[in-house]
Amino acid sequence: MKGKELWSSVVEAPAVPARPWPRLQLRALFYRPRGDSPVKRLFIHLALWVACLIAVYPVLRVVTISLRPANKLLTTSLAIIPEDATLVNYIELLFGRPGRPTEFYLWIWNSLLITVTTATIGLLLSATAAYAFSRFRFPGRNAGLIFLLSTQMFPAAMLLLPLFIMISRLGLINSYLGLVIAYSVTAVPFSIWMLKGYYDTIPRDLEEAALIDGASRLGVLWHIIRPLSTPALAIAFLFNFMSSWNEYIVARIILNKREMYTWPLGLWTFTEQYTVLWGKFAAASILVAVPVTLLFLYSSRWLISGLTLGGVKE
Amino acid sequence: MGALTPEVMVRSLSQVLSFILAIALVLALLEGYVYLLFFRRPRALLGAIFTRTVQSAIAALMLLLFLRFLDRMGLIADLVAALGLAPLLTLPERVWAAWSALSPMPWRLLLPFFLILALELLIYFAGEPRPSRLGLAYVLILPALIGISFLIIIPFLFEVRLAFSNMAMYTAQNPEFGLRYGIENFIKVFTGPVAKDATFFEVFGRTVLWTAINVFFHVTGGLILALLLNRPMRLRGLYRTILILPWAVPSTITAMAWRNEFDFRYGLFNILLRNVQQFFTDLAAQAQSLPLIYDLLAWLSQAIHPVPWRQDPTWAFISVVMTNVWLGIPFMMVVILGGLQSISQEYYEAAEIDGASKWQQFRHITLPLLRPVLVPATILGTVWTFNRFEVIYLVTQGGPQEKTDILVSSLYKAIFQFYRYGFSAAFALVIFFILLLWSIFYLRITKGLRGVYE
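Respectively, the protein sequence lines represent chains A and B. Okay, so the first sequence: first residue is 2 according to my numbering, each after it adds one. Okay, so the second sequence: first residue is 439 according to my numbering, each after it adds one.
Treat the hints loosely; a few may be bogus.
What the hints assert, rightly or not - Listed below are the simulated DMTMM-like cross-link pairs for lysine to aspartate or glutamate, each with C-alpha atoms no more than 20 Å apart in a straight line:
1) A:Lys41 - B:Glu790
2) A:Lys73 - A:Glu84
3) B:Lys796 - B:Glu784
4) B:Lys626 - B:Glu640
5) B:Lys626 - B:Glu614
6) A:Lys258 - B:Glu787
7) A:Lys41 - B:Glu445
8) A:Lys73 - A:Glu93
9) B:Lys841 - B:Glu614
10) B:Lys634 - B:Glu622
11) A:Lys73 - B:Asp701
12) A:Lys73 - A:Asp85
Claimed, not checked - Which chain B residues stay away from chain A? Per the calculated CB distances, all over 12 Å, these:
13) Gln493
14) Leu505
15) Trp537
16) Ile554
17) Arg568
18) Pro593
19) Leu600
20) Arg669
21) Leu681
22) Phe718
23) Asp720
24) Thr804
25) Tyr850
Claimed, not checked - Chain B is nowhere near these chain A residues, computed Cβ spacing over 12 Å in every case:
26) Thr87
27) Leu88
28) Ile92
29) Leu207
30) Pro232
31) Ala235
Since the hints were made in silico from the structure, they are not lab data. Here the structure is a predicted model, which means the values were calculated and not measured. Even glycine gets a Cβ: it sits at the ideal position worked out from N, Cα and C.
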């Protein structure tokens, strides 16, 4: 029965009204319905191939270097898979050399702790404030919003000096907390701004209905807004995670003890030695970059929608 | 040399978790305090006396701790000395020291917490509910407000104060403050070198150039790629994914990769240039009998040659710009693609029926309808490019001879290489005002605040 209905609705679909013949003008003689000619399509694909090559080649070069044996590091060859390709750089990085344990896991661990803490604090401090900015008209709201907007426009480097002095006076140099504080400076306002943008898109009717039914404002926040905003919270968390995960410059001034290094600092130690360990550097880059890149590509759709919602922010 | 051992993991994890826990507990107490202020009214006279006493005591304690924090940061040293507040401000610390001697670790922190919690509960039961329209807004905003004041507002005030000091490497512990130093610092920003040799206006000019070139290529490149991608075709998802890669790969890594490619001997660009040069030289050798073509080829083989990316200021600048353009295009592409997809196909169909050429369609449909996306993206892109010196720092470190420094990277150098703290604070404020003027201009031309207020 159901299939039959479906079928008849397809067969007896109303005829598409014929498009009126374009009035006879000179241009109308050359009118062609949309759709690109094969030659044009070829050129488009060609252009995209070139663009992709430019986008991907520098990254592939890192892969190449990571596969080179130590005596072939410096070469003018442009081959992607080098001759005598070897995994020795990866093995040394992951398992260390005899008598010299690898520091790689320590760096990753440090980075992980710092970034997760930063992202958590970003959410902890901002999730509720964003809701207040979105729903209440309280004195100070507009000033607060302008302030938040302006924090998006000013460089983090601007507050680096006072923060650095404050952090060192609190004795937090070389600690996780010092770096977490420095990263939260951008993470907190950004999270508020982004989440406010998201809350603005949630229709108010839901809350008003619940309020009329006798729910409390906090109850509404917990039972209606929280489940609805989980994706936005995830985006804010992920975004703060990514931006502090990749950070190098601030980490360099706050952390100078080797066992506190985050992975970008750790990777740099390979380049600062007497003989630059490009192979190891490249191998470590690949190992770090692959999961982060996959995570980014996987979540890019939501990340981007979050960005455009909350005003655009890097 | 540290490997990751279980002990290290436990130690660091407990440090971080206790930090988060402490923040959560303190926030909970503060939230309770503010909630009671707004939503509870004491019932009887006795309750009122009790409630107000406790609330004033907690407020006084918070004020004291806050002032002590400012004092510890060296922000209010003059005031403390003038009013003789030092003994009062250190009172909480002395009490805390005595208390720490008395109690073992977890209780040292947990007992005060439970004490204040109990007081708050007492206040709760001594009162009756009171309606408050906006109270909840302030309760909800409180955590962020505290966070932002400690992370942004206090550091900013500190920076203003530092700008009026002679703080530098040798006076880091006991800087002197005064209007004289402030004026000196600001004059030095505009007249003296900002890092080592480069002057402010030179670096500022380069920053404007850096920003303009980068944003131009980001937007044009992003627009072209987005236009190419914005059509049904095969492999579209694959192209999109690959083209986002420069944005997706951690920029620390890609910047380092690019840095290697600018090596004179082993870098990709010079290898390519050398190969092209070789190609023309060989060709010229074969075409010796054809006079005009030979001249052209010979000239080409002379003109194209490996480039000293690291030593020559102009080429070094080009190298950082190339890197940053490569890094920035995907973001613009994605933003513009989003904008393109929101434009209805019907406009184009109508235009095509009316006989509009592709260029006319682009000019009169695509561009105007992209405006709401393009304008904010461009302006914010400008600000980020202006502020973003990670690429410069990683690729050239501002060299050679600071010829690739922009304002923010000079600021970084002035702080962390030359330790000119007072000067750097003034410098940072100057950069701040430049950006402030730009933002006001931006808000004017886009009427951007409408969207903020709704």
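Each hint, compared with the structure:
Straight-line distance between C-alpha atoms of Lys41 of chain A and Glu790 of chain B comes to about 18 Å, which keeps the hinted pair within the 20 Å bound. For the given pair, Lys73 of chain A sits about 9 Å from Glu84 of chain A by alpha-carbon distance, which is consistent with the 20 Å threshold. About 15 Å separates the Cα atoms of Lys796 of chain B and Glu784 of chain B, which keeps this hinted pair within 20 Å; it holds. About 14 Å separates the Cα atoms of Lys626 of chain B and Glu640 of chain B, which keeps this hinted pair within 20 Å; it holds.
Pair hint Lys626 of chain B plus Glu614 of chain B holds up; C-alpha atoms about 17 Å apart against a cutoff of 20 Å. In summary, the hint linking Lys258 of chain A to Glu787 of chain B is not supported, as the alpha carbons are separated by about 64 Å, beyond the 20 Å threshold. At roughly 63 Å between alpha-carbon atoms, Lys41 of chain A and Glu445 of chain B are farther apart than 20 Å, so this suggested pair is violated. Under the criterion of a C-alpha separation no larger than 20 Å, the hint pairing Lys73 of chain A with Glu93 of chain A is consistent with the structure, at around 17 Å.
At most 20 Å may separate the alpha-carbon atoms for a hinted pair to count; Lys841 of chain B and Glu614 of chain B exceed this at roughly 33 Å. Our distance criterion of 20 Å between C-alpha atoms is met by Lys634 of chain B and Glu622 of chain B, whose separation comes to about 18 Å. Restraint check: the Cα-Cα separation between Lys73 of chain A and Asp701 of chain B comes to about 16 Å, which is no more than 20 Å; the hinted pair holds. Simply put, Lys73 of chain A and Asp85 of chain A have alpha-carbon atoms about 9 Å apart, close enough for the 20 Å limit, and the pair holds.
Consistency note on Gln493 of chain B: stated as away from chain A, and its beta-carbon is indeed over 12 Å from all of that chain's, at 21 Å minimum. The beta carbon of Leu505 of chain B sits about 15 Å from the closest Cβ of chain A, which is more than 12 Å, so the claim that it is off the interface holds. The beta carbon of Trp537 of chain B is kept farther than 12 Å from every beta carbon of chain A, the shortest such distance being approximately 20 Å. Consistency note on Ile554 of chain B: stated as away from chain A, and its beta-carbon is indeed over 12 Å from all of that chain's, at 20 Å minimum.
Under the 12 Å C-beta cut-off, the non-interface status given to Arg568 of chain B relative to chain A holds; the minimum distance is some 14 Å. Annotated as non-interface, Pro593 of chain B brings its C-beta within 12 Å of a C-beta of chain A; the closest such distance is 4 Å. Its closest Cβ contact with chain A, about 6 Å, brings Leu600 of chain B to no more than 12 Å, contrary to its assignment away from the interface. The Cβ of Arg669 of chain B does not lie farther than 12 Å from every Cβ of chain A; its closest approach is about 7 Å, which violates its non-interface assignment.
Listed as outside the interface, Leu681 of chain B is inconsistent with that label: its C-beta sits roughly 5 Å from the nearest C-beta of chain A, within the 12 Å cut-off. Remark: the non-interface label on Phe718 of chain B is consistent with the geometry, its nearest Cβ contact in chain A lying 18 Å away (cut-off 12 Å). Every CB of chain A is more than 12 Å from the CB of Asp720 of chain B (nearest about 17 Å), matching its label as outside the interface. Non-interface status of Thr804 of chain B relative to chain A is upheld: no Cβ of that chain comes within 12 Å, the nearest being about 15 Å off.
The beta carbon of Tyr850 of chain B sits about 6 Å from the closest Cβ of chain A, which is not more than 12 Å, so the claim that it is off the interface is violated. Look at Thr87 of chain A: its CB is around 19 Å from the nearest CB on chain B, clear of 12 Å, so calling it non-interface holds up. Look at Leu88 of chain A: its CB is around 19 Å from the nearest CB on chain B, clear of 12 Å, so calling it non-interface holds up. Remark: the non-interface label on Ile92 of chain A is consistent with the geometry, its nearest Cβ contact in chain B lying 16 Å away (cut-off 12 Å).
With a closest Cβ-Cβ approach of about 17 Å to chain B, Leu207 of chain A is found to remain outside the 12 Å limit, as its non-interface label requires. Here Pro232 of chain A stays apart from chain B, with its beta-carbon at least about 17 Å from theirs, past the 12 Å limit. Even its closest Cβ contact with chain B, about 18 Å, leaves Ala235 of chain A beyond 12 Å, as expected for a residue assigned away from the interface.
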